[in-house]
Amino acid sequence: MERKSIVASFVESLAEAWGTGSSLLIRASNDVVIDSNHFDKVVEGSDWAKSIDSYEKFNLVAIDAPLAMAKEKANIGGSSIKLRENWVEIAYALRFLNEKGLCLAIVEPPAFGLSEGPKFLEALETEGFALQGVFHCPPKTLATTSIRPVIAAISKKSRDGVFAAELEDVAQASTVARAFVDEDDGGSLGEGVMIEGNEFDGFDGLKARIQLDRLETQYKEYQSRPLGQVASEINTVGPGGSFSDKENAVYIPMFGDSAVVDRLQEASKKHQKLFQVVFPDTVKNSYVAAFFRSDLGLLVLKSLTRGAVISRISKAELARAPLALPGIQEQEEIVESHSKLFTLRTAIEGFQKDLALNPKSASAIRGQVDSMLEKIGALTEADRIMGMAREGESATVEFKQTFSLDVRKGTKEKYIEVSALKTIVAFLNTKGGTLLVGVTDDGEVLGINDEVKRFHKNNDGFLLHFKNRIKERIGEQNYLFIDQKIGSSLNRVGNAHLRTASG
1 MERKSIVASF
11 VESLAEAWGT
21 GSSLLIRASN
31 DVVIDSNHFD
41 KVVEGSDWAK
51 SIDSYEKFNL
61 VAIDAPLAMA
71 KEKANIGGSS
81 IKLRENWVEI
91 AYALRFLNEK
101 GLCLAIVEPP
111 AFGLSEGPKF
121 LEALETEGFA
131 LQGVFHCPPK
141 TLATTSIRPV
151 IAAISKKSRD
161 GVFAAELEDV
171 AQASTVARAF
181 VDEDDGGSLG
191 EGVMIEGNEF
201 DGFDGLKARI
211 QLDRLETQYK
221 EYQSRPLGQV
231 ASEINTVGPG
241 GSFSDKENAV
251 YIPMFGDSAV
261 VDRLQEASKK
271 HQKLFQVVFP
281 DTVKNSYVAA
291 FFRSDLGLLV
301 LKSLTRGAVI
311 SRISKAELAR
321 APLALPGIQE
331 QEEIVESHSK
341 LFTLRTAIEG
351 FQKDLALNPK
361 SASAIRGQVD
371 SMLEKIGALT
381 EADRIMGMAR
391 EGESATVEFK
401 QTFSLDVRKG
411 TKEKYIEVSA
421 LKTIVAFLNT
431 KGGTLLVGVT
441 DDGEVLGIND
451 EVKRFHKNND
461 GFLLHFKNRI
471 KERIGEQNYL
481 FIDQKIGSSL
491 NRVGNAHLRT
501 ASG
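Residue numbers (the UniProt record's numbering): 1 to 503.
Among the hints, a few may not be true.
Keeping only pairs whose Cα atoms sit at most 27 Å apart, straight-line, the calculated DSSO-like set for lysine-lysine is [claimed, not checked]:
(1) 302 x 270
(2) 157 x 119
(3) 157 x 140
(4) 4 x 302
(5) 467 x 409
(6) 41 x 157
(7) 57 x 156
(8) 157 x 100
(9) 431 x 471
(10) 457 x 409
(11) 412 x 340
(12) 156 x 246
(13) 453 x 485
(14) 73 x 156
(15) 246 x 302
(16) 414 x 457
(17) 269 x 302
(18) 485 x 457
(19) 414 x 467
(20) 119 x 82
(21) 41 x 100
(22) 302 x 119
(23) 414 x 471
(24) 73 x 140
(25) 246 x 220
(26) 315 x 302
(27) 315 x 284
Per label pair, the in silico range of CB-to-CB distance [what the hints assert, rightly or not]:
(28) 73 x 328: 47 to 55 Å
(29) 278 x 139: 31 to 39 Å
(30) 38 x 295: 33 to 41 Å
(31) 233 x 453: 51 to 59 Å
(32) 196 x 316: 16 to 24 Å
(33) 228 x 68: 22 to 30 Å
(34) 130 x 337: 53 to 61 Å
(35) 320 x 453: 39 to 47 Å
(36) 70 x 316: 52 to 60 Å
(37) 453 x 334: 26 to 34 Å
(38) 143 x 411: 50 to 58 Å
No wet-lab data here; the hints were simulated from the structure.
If you're wondering where the values come from, they're calculated on a predicted model, not measured in any experiment.
Ideal placement from N, C-alpha and C gives every residue a C-beta, glycine not left out.
With the hints as extra help, turn the sequences into a complete structure.
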């Protein structure tokens with residue numbers, strides 16, 4: 001299976017980069033994640049420890065235990081803690097590491113961000129161990145559950161933070177493994193990023209924080225603040241209870257996928273399954289509802305859920321939820337735009353129903369629709385570019401600040417062009433991808449206006465130059481697979497958006 005081969009590529013590359021020494025694989029789960037033959041010793045079953053002598057030590061220990069197991073009391077680091085059984089197995093497996101060894105453990109999606117996680121990490125710390133890295137396995141890695149597991153890396157080595165990355169394909173997973181060993185912060189989850197401290201509460205939360213940070217960079221008027229600091233009240237009711245209808249409030253589901261609403265009568269769940277969040281006059285409830293219905297807002301809410309079987313949001317987690325908040329004027333403009341889009345959608349639905357009965361109006365309507373689509377398409381493209389910039393680089397998305405301009409010297413340099421063209425070749429030889437030129441490594445959208453003015457006079461000149469370089473370095477036979485355009489990202493006209501499909 002391709003997904004298992006991605007994990008195997010990561011584990012084998014990590015074993016090679018970590019250093020020489022014997023390795024141990026513990027297969028305690030029937031639905032294995034680590035499917036590799038590159039281990040010196042393999043033990044299986046729930047009684048795996050009986051197959052290892054107490055004096056044996058390994059440079060690499062990988063433990064693949066069942067997820068979401070029941071809790072039991074365990075003594076770790078002199079503390080008695082109630083933990084998931086699979087975490088207890090991980091703690092026991094650490095005994096077989098040598099002083100410079102590394103343990104790779106399969107854990108639940110939030111890793112040790114669950115309620116008992118901090119206590120577990122503190123207990124491990126008293127025994128000299130620390131969480132070094134977390135790696136998100138590909139979706140559908142497990143055959144018997146939709147849970148997307150995480151590989152936690154634990155060792156005695158001292159680091160300033162936790163290395164986090166998503167495993168996307170075989171080659172990228174191998175590169176991530178080497179970056180982890182070298183402590184190379186690539187600035188994105190596709191290349192690996194360092195998190196300050198040793199706490200990690202899940203990849204959804206990390207993605208949301210990265211995107212919120214970049215949103216503040218893209219739009220200076222935005223500030224990210226915890227919901228509990230912004231709201232004046234966060235209310236709940238017991239079974240059978242009802243909220244009183246308060247002004248300037250939103251209603252957020254505790255679990256499930258129902259939308260956040262700003263009117264109590266629109267809430268689709270019983271009140272006992274909702275949070276009522278009330279805001280002061282400096283915050284528009286309609287804006288907050290719109291934010292939590294956006295892709296980023298949904299990601300924030302998803303990151304708050306806890307529980308392997310039934311996921312729900314606690315009041316404490318909701319209070320910590322980050323809210324991207326612009327000034328009141330910008331909030332009002334966003335709310336007004338949402339209102340007009342709703343009116344437009346209602347009108348379009350009416351047109352669709354009546355069009356078959358009014359054929360004479362079809363031509364006039366089509367002309368209006370064509371004009372609207374042209375304008376909306378430009379806005380959608382701009383939003384898409386800004387969205388990709390917020391999400392960061394990955395195996396299929398890469399950023400280049402310029403195509404040929406050396407920003408320090410102000411000169412045109414071929415080596416910069418070669419770097420961009422190599423990225424396009426890599427996309428052509430794999431699954432395809434998108435290269436955004438005019439975006440820095442940290443996702444700041446600068447555009448290519450300066451480069452266009454210096455070397456090409458206009459956008460057409462830039463695209464012609466790009467096409468000529470494709471012809472010279474890659475071959476015109478690949479034009480079919482390359483879609484290049486200069487997109488408009490709000491006021492920053494001139495982001496070269498190069499989409500390539502696998503050849």
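Quick rundown of the hints versus the structure:
1. A threshold of 27 Å between alpha carbons decides the hint, and for residue 302 with residue 270 the separation of about 20 Å falls inside it, so the pair holds.
2. For the suggested pair residue 157 and residue 119, the alpha carbons sit about 20 Å apart, so the restraint of at most 27 Å is met.
3. Annotation: proposed proximity of residue 157 to residue 140 is violated, straight-line Cα distance about 32 Å (limit 27 Å).
4. Between residue 4 and residue 302, the direct Cα distance comes to roughly 26 Å. Compliance with the 27 Å bound is thereby established for this hinted pair.
5. This hinted pair checks out: residue 467 and residue 409 have alpha carbons roughly 25 Å apart, not beyond 27 Å.
6. A hinted pair counts as satisfied when its Cα atoms are at most 27 Å apart, and residue 41 with residue 157 qualifies at roughly 23 Å.
7. Of the supplied pair hints, the one linking residue 57 and residue 156 holds, its CA atoms being roughly 14 Å apart against a limit of 27 Å.
8. Taking the CA atoms of residue 157 and residue 100, the gap is near 7 Å; set against the 27 Å cutoff, the hint holds.
9. Taking the CA atoms of residue 431 and residue 471, the gap is about 21 Å. The hint holds against a cut of 27 Å.
10. With a C-alpha separation of about 19 Å, the suggested pairing of residue 457 with residue 409 holds against the 27 Å cut-off.
11. The suggested pairing of residue 412 with residue 340 is violated, with an alpha-carbon distance near 46 Å, which exceeds 27 Å.
12. Annotation: proposed proximity of residue 156 to residue 246 is violated, straight-line Cα distance about 53 Å (limit 27 Å).
13. Among the hinted pairs, residue 453 with residue 485 is consistent with the structure: their alpha-carbon atoms are about 17 Å apart, no more than 27 Å.
14. At roughly 24 Å between alpha-carbon atoms, residue 73 and residue 156 fall within 27 Å of each other, so this suggested pair holds.
15. Distance hint between residue 246 and residue 302 is fulfilled; the C-alpha atoms sit about 26 Å from each other, no more than 27 Å.
16. Simply put, residue 414 and residue 457 have alpha-carbon atoms about 19 Å apart, close enough for the 27 Å limit, and the pair holds.
17. Restraint check for residue 269 and residue 302: satisfied, since their Cα atoms lie roughly 18 Å apart, inside the 27 Å limit.
18. Between residue 485 and residue 457 the alpha-carbon distance is near 16 Å, which keeps this suggested pair within the 27 Å criterion.
19. Among the hinted pairs, residue 414 with residue 467 is consistent with the structure: their alpha-carbon atoms are about 15 Å apart, no more than 27 Å.
20. Between residue 119 and residue 82 the alpha-carbon distance is near 9 Å, which keeps this suggested pair within the 27 Å criterion.
21. Between residue 41 and residue 100, the direct Cα distance comes to roughly 18 Å. Compliance with the 27 Å bound is thereby established for this hinted pair.
22. Distance check on the hinted pair: residue 302 and residue 119 sit about 23 Å apart at the alpha-carbon level, within 27 Å; holds.
23. In summary, the hint linking residue 414 to residue 471 is supported, as the alpha carbons are separated by about 15 Å, within the 27 Å threshold.
24. Distance check on the hinted pair: residue 73 and residue 140 sit about 31 Å apart at the alpha-carbon level, beyond 27 Å; violated.
25. Between the alpha carbons of residue 246 and residue 220 the distance comes to roughly 32 Å, so the proposed pair goes past 27 Å and is violated.
26. Note on residue 315 and residue 302: the hinted pairing holds, with a Cα-Cα distance of about 14 Å set against a maximum of 27 Å.
27. Distance hint between residue 315 and residue 284 is fulfilled; the C-alpha atoms sit about 21 Å from each other, no more than 27 Å.
28. For residue 73 and residue 328, the hinted distance range of 47 to 55 Å is satisfied, since their beta carbons lie about 52 Å from each other.
29. The supplied range of 31 to 39 Å is met by residue 278 and residue 139, whose beta-carbon atoms lie about 37 Å from each other.
30. Distance hint for residue 38 and residue 295: a CB-CB separation of about 39 Å, consistent with the stated range 33 to 41 Å.
31. A beta carbon spacing of about 53 Å between residue 233 and residue 453 agrees with the range 51 to 59 Å that was offered as a hint.
32. At about 22 Å, the CB distance of residue 196 to residue 316 agrees with the hint of 16 to 24 Å.
33. Taking 22 to 30 Å as the suggested C-beta distance range, the pair residue 228 and residue 68 conforms, at roughly 29 Å.
34. Between residue 130 and residue 337 the beta carbon distance is about 47 Å. The supplied range of 53 to 61 Å is therefore violated.
35. Roughly 45 Å separates the CB atoms of residue 320 and residue 453, a value that falls within the hinted 39 to 47 Å.
36. Our hint of 52 to 60 Å for residue 70 and residue 316 is violated, since their Cβ atoms are close to 24 Å apart.
37. Taking 26 to 34 Å as the suggested C-beta distance range, the pair residue 453 and residue 334 conforms, at roughly 33 Å.
38. Distance hint check: the CB atoms of residue 143 and residue 411 are about 55 Å apart, consistent with the given range 50 to 58 Å.
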